[in-house]
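What follows is each chain in one-letter form.
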Amino acid sequence: MAEGKLADPIGLPLDRVDGQLKVTGRATYAFEYATQGGAAYGVIVPSAIAKGRVVAVDVQEAQHAPGVLLVLTKDNAPPQTPWGPVDLPDRFARAEPALDSDEVRYFGFPVAFVVAETFEEANAAAALVSVRCDSLPGQYDLHSAGPTAEDPGHISDGAPANSSVGDFEAAFATAPVKIEALYTTPYQNQAPMEPHATMAVWEGQMLTVHTSAQLTTSPQEGLARTFNIPKENVRVVTRYIGGGFGSKLPFYVDATLAAIGARIVGRPVKLAMTRPQLFHMTTHRTASEQRLRLGADRDGRLTAYGQDALVQCARFDNYTEPVCGAARMLYAAPNRLTRHRLAKLDLPRSDSMRAPGDAIGLLALECAMDELADALGFDPVDLRLRNDTEIDPERDRPFASRHLAEALRLGAARFGWDKRIAKPASVRDGRWLIGLGVASAVRADVLRSATARARLERDGRLTVELAMTDIGTGTYTILTQVAAEAMELPVDRVTVRLGDTRFPPTAGSGGSFGAATSSSAVLAACRKLNAGLALGLTEAEGSVTPADLDDTYAHAGFGAHFAEAAVHRDTGEVRVRRMLGVFAAGRILNAKTARSQMIGGMTWGIGSALIEENHVDPRYGSFVNQDLASYHVAVNADVGSLDVMFLDEADPHGSPLGSKGIGELGICGAGAAVINAIHNATGARIRDMPATPDKLLATLETLDA
Amino acid sequence: MHNENVALTVNGRRHALDLDPRVTLLDALRENLGMTGTKKGCDQGQCGACTVIVNGQRINSCLTLAVMHAGDEITTIEGLEEDGNLHPMQAAFVRHDGLQCGYCTPGQICSAVALLAEHKAGWPSYATADVATAPVLTDGEIAERMSGNVCRCSAYSNIVSAIRDVAEGGRI
Amino acid sequence: MKPFRYERAGSLASACASATEPTAKFIAGGTNLLDLMKLQIETPTHLVDIGPLPLAEIEESAEGGLRIGARVTNSALAADMRVRRRYPVLSQAILAGASAQLRNKATTGGNLLQRTRCSYFYDTTKPCNKRMPGSGCAALGGLNRMNAVIGVSSDCIAAHGSDMAVAMAALDARVETVAADGVTRTIPIDALYRPPGNTPHIETVLAPGELIQSVVLPPPPPGQQLYRKVRDRASFAFALVSVAVVVTREDDRVRAARVAFGGISYKPWRSAEAEAALIGATVTRASFDAAGRAALRDARGYGYNDFKIPLARRTLRAALADATGVI
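Residue numbers (the numbering used here), protein chains in the order written: chain A, 1 to 705; chain B, 1 to 172; chain C, 1 to 327.
Think of the hints as simulated: they come from the structure by calculation, not from any bench.
We put the beta carbon where it would ideally sit given N, CA and C, even for glycine.
Treat the hints with care, as some may be off.
Heads up, incomplete: computed chain A residues facing chain C, CB under 10 angstroms, no partners named [as the list claims (entries may be wrong)]:
(1) Ile-611
(2) Asp-638
(3) Glu-701
The following block holds chain A by itself, in its conformation from the complex (with noise of 0.2 angstroms):
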C-alpha cells in the first residue's frame, strides 16, 4: 500500500513510513552513534541519600581505574547556571546543570561522573567513587504531607488550580442521593524502552548532541541556558525516540554530563541512564489523593459535583498534576467545584506521563460516577447520557465537537452492554467472577506553535523538513500523507525529515498536541509552496500557532471505555478478557497508526488499573521498586482482546486539519472501565489503585461465606 500515487492519502492505514527501518534495526538512536571507539563512556554515580550535602568526594581510587579519562564531582565541574528558573514558561527549557553544588535534592541525585575508553571500565571506576554525605531529615509521604499542602495557584497547564462554580457545599449538602469517597493512586514510572541516552560532541564551540528527546528547541535552550552559550552553539538531533510518555519532555544531566564530558575530554563521548537510575533520575507521575464527592436528584442528573486532588512534586519544582481537568470539562452539573493541592516533597520531580491528570484523574472520576450510579440504581451508561452537555460547563463555550453520547452509546452496542447484570457477582465461568464495566474519556486539545520547510528537489520529489519528533506515534507517516495529499504526490515521493533543531522549530511531541501542531505547519508550507510553483517557487515554510485554534469554542477529544473482567474467585486475579473503546477523536490521518495510539492508551488503562504502582520508602526517600522486575508494566499476556472503533467525525473549528490528539484519549478512562468492571463481577469497589489480588481477598473471602 505505500506504492503510487493516491487520490487523498490523510486517513488512509498506511504502513508506517519507518517501519522497514524499525524492523530491520536500522533505525539509530542516541546511544548508537559513535560506536567501535568512536566515543568514550560515561557513567553517572548517584547518591546514596535522599537529602543532604556531599561533603567529600575521594576520586583516588577511581582516576587510576584503567581506562578512566574523568571523574568529575562538585569539585572539578565547570561552571554552570543554577537549575531552573523555575517559574520559565517552557519549562523544559530550563538549565539542568550537573554537579554544580554540594546539594542532594533527592535519592540517586548525581553526585559523580566517570568517563573511560570502555563502558566497562567506566562502570567498574564509577563503583570505586566514595562520597560521604551528610544527611538532613526530609518529608517524603505524600499523605501525612496533605494536611500541610500548599494552593499552587495554577496547575502545569495554566488553569487556574481552583474551579467554582454555583454553591458546592450546599448542594451537595443537600443532595438526595450522594457517594463521597477517598481514591488513592500511586507513584508510577513512564519506563521508556530507551532508557534516557546522549551522544554529545563538540565542533569548536559547536555542540551537537544525539539525545533521545520528545522536544527539540526545548532542550536546545535549555543546554545553551546551562552552559551559558548562545542558542545557535547547541544542536539537538533525535531522530528516533525509543518511547517518551512524557520522560523524555524535560532534558536530563545524561545530555548536559555527556557534553561536559566531551568538552574536558576532546572527543565525543556517550552515556545512557542505567535502568535503576531512570527510577530516580528523571521524572515520575505523582501519586494522588483524591476526594469525590457527586451530589444528583433522583433523576440522575448531577447537582454537585466535586473533585479535590492532592499531590507531589520536588521540593525545588513547581510542578502540579492537572489532576481535576477533566472533571472540569466531563459532565454538566449546576455547582461544581474542583481544587489541587500540591506537596512539596524531597523526592525526585513530579512530571508529565501519558495524559497527565487526566490517566489518573478520570480513573477516580469514573469510577466514582460507577459508584454514583449504584447509588441511585441507574445503568452506569444512562448515568453518563443523563449528564452530557454540549457546552463546555465551567467555561461556558461550545464544544466545537462533542460525540461523547454517540461513543456510548454506540460502544453500548457493539459490546453487547445489554447482557450486563447490575447486580455484581452475577455471572461465573468456572472459578472466574465476570463483570462488565464502562468509562467516558476525554482529553482537551491543543494546538502549539510549529513551523515547517517543504522544498520541491529537482527530481521532483519533496523533501518535509520540520524540528518534530516521533516518538512512536507515527508522525513521520501522518506528515508524509498530509505533505503528499496538499502537493498531490504519491506518498512515495515524500520524505520526511524530523528531529533537528537545524529545521524549523516546532514544539516537539506532548500532550497530544503533535499531530495537529505539526501537520499544520506542514500543511501551510505545502500551500504556500503549491501555490507559488507556478512563479518558480522550490521551497516554503508555514506555520501554525496556538491562535489558529478558534477560542470561542472547547476543543476535546471524547470516547467510552468498555471492559470485561473476570476475577478469580479464589486467589483474586483478574484477567481483562476484552475491552472496547468508541472514539470521537477528529480526523483520523492514518486509521492504522491511530488504532495503535488507542490499543496502546487502553493497555496502559490496564495497566494503572491492575499492575502499576511504585511505592517509596519514607525511612530513605526512595522509591522501592527500581528495576523492570519490580516495577510492573503491563506484558503480552496481561491484554486480552482489543477493539477500536473511531466516529466519523472533524473538529470544524480546531486545527486546519481537523484532527485532535490521540496519544492519551486511549489510557483517559480505560482504567476506569475495568476497575468497574471489577466491581461488577465481585462487588468490591477497589478504590486505591491498582487492583492487585490482595486487595480483592477481603470482598472474596465474603462471597466464600
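Start from chain A and add chains B and C according to the hints.
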C-alpha cells in the same frame, strides 16, 4: 585482568575479537561490532529488547558474556533479511503495525521467530492446559510466549496478530 | 562489574578446585549472577565457566526416575517429554517462571541457587544482612510485599524466587554434588537451603567449590500434579504465592497428598502439616482450606505481606480443587 580472544559468529560471519571478559554479548554486538539493531533496554534481563537467537534459541544477550559464545551461531535482527527482502516476520510486524517507537522491535521479532521454532518443536508454555500435549498456537499461547518482550508503547495486540499471520503461513 | 579472571572449566575436578577460593564463582547460564555482578552485589574475582563440562543430559535413573544434569536449561527440562508426561508439575512450574529467553539460558543448578529478589537486597544503598552481614534488614519495617511469611528470622525475611524448586520439593528431588576433593554427596532438596537465622548470607549447605552435578527425581508419585502461581501480572513476574500439589483422590477422600509453596519462605516450602491434614480428608473446599490453615499456622506477616497468608491458603484451595476436579 586481561582480555580474551574470542571469535563470534554473527549472522554467519566470523568476527575475531579481543575482549574484556566483562563485555556482555549485547555490548559486544553494539559497541564492538557496531551492530546496534539489538537494543539495550534494561541490561538486567527484564525487558527482552536485547533478544537474539543463539544456536536457534532466543536469549537475553545482556545477561551473558561474549566470551561464553565462542563457536555459537548468533543471529541478530540484522541477519534475518534474505537477499535484501524482509523476513516474513519483519514484514508482518510492519503490516500489522506491531511496533511504535521501534526500540523493543528487533527483540520482539527475534523472539517471535524463535517462538515459531519452539512451537514447531512441540514445546509447551504456561498457557498450555496439558503440558504433555503439543499445544495449538492460540492468541493466548502467543501472548504468554511473548511476555518476555516488554513493549511500553503496548503494541501487544498487533504483535500477536503479526505472529499469528506468519504462523498461519501469512502473506508477504 | 569488577574485574575478574575468566576460566573455562577443563574438567569437573579442575573446576571445583578453581572454585574453592572464596571469591570464585561458578557460572553456567549466568542470568542471575551477571545481573548481580553488574550491580556489584556479587563481586567474584574469578569466574569458572562450567559451560564446557557435560552435565547437560536428562537420563533415566535406575530407580525409575530421572537424573537431570545441572546444566540442563530450564527450557529443555520443561520441554522434555518424559518430564511432561511423568512430572507435569515440574514442567508447569518451570514454564511459570521468568521468560522464554531466560529459561533458554537459566540452568537447573543455577535456578536452585538463585538469590532472592528482595528489593532491599538489590538496592545497595540499603541495609541488608544477606548482602552485607550485620547491616540490618530494611525489609522488616519496609515495603515487604514480596517477602516471606514463614520460616524466616528477624534478621532476614527474604523469599526464594524459584518456581522450579517448588515443584522439585513436592517431587522429593535430591541434589547430587561433587566437591573439589572428588567427594560426592546427595542432599534432599529441602535440606539444601539453610534457614536465615542470624546468618542469612549463607544460603545453602554447599561448601566452596562444591558443584551441583545433577538433580534426581524419584519415580513419579501417583496422583494428579498441578502447579498454580499467583502474581501481580499475568506473566513474567515473581510469585506472590505459588503452590505445587500432587494429590490422589479415592472416591470422595484424599488418599495421598504432597504440598509445596513458593513465594512464602526462604526456600520452597514443603508443608507436612498440609499433607497430614489432607490425608483422609473429604475432597471439598472446606478441607482444602483446613489444610491451608494447617500449613500456615506458624506464618506471620510483616505488614505489606500479611495478605500472603490468606492468599497462600486460597491458592492451595484452588490448586487442590483443580487437581481433584472439585467444581
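Using Cβ atoms only, decide whether A/Asp-638 comes closer than 10 angstroms to chain C, and label the hint accordingly. Holds. Min distance 5 angstroms.
Classify the hint on A/Ile-611 as holds or violated, based on whether any CB of chain C lies nearer than 10 angstroms to its CB. Holds. Min distance 5 angstroms.
Given a cut of 10 angstroms on the nearest C-beta pair, is the interface hint for A/Glu-701 held or broken against chain C? Result: holds, 7 angstroms to nearest chain C Cβ.
Hint compliance for this structure: no hint is broken.
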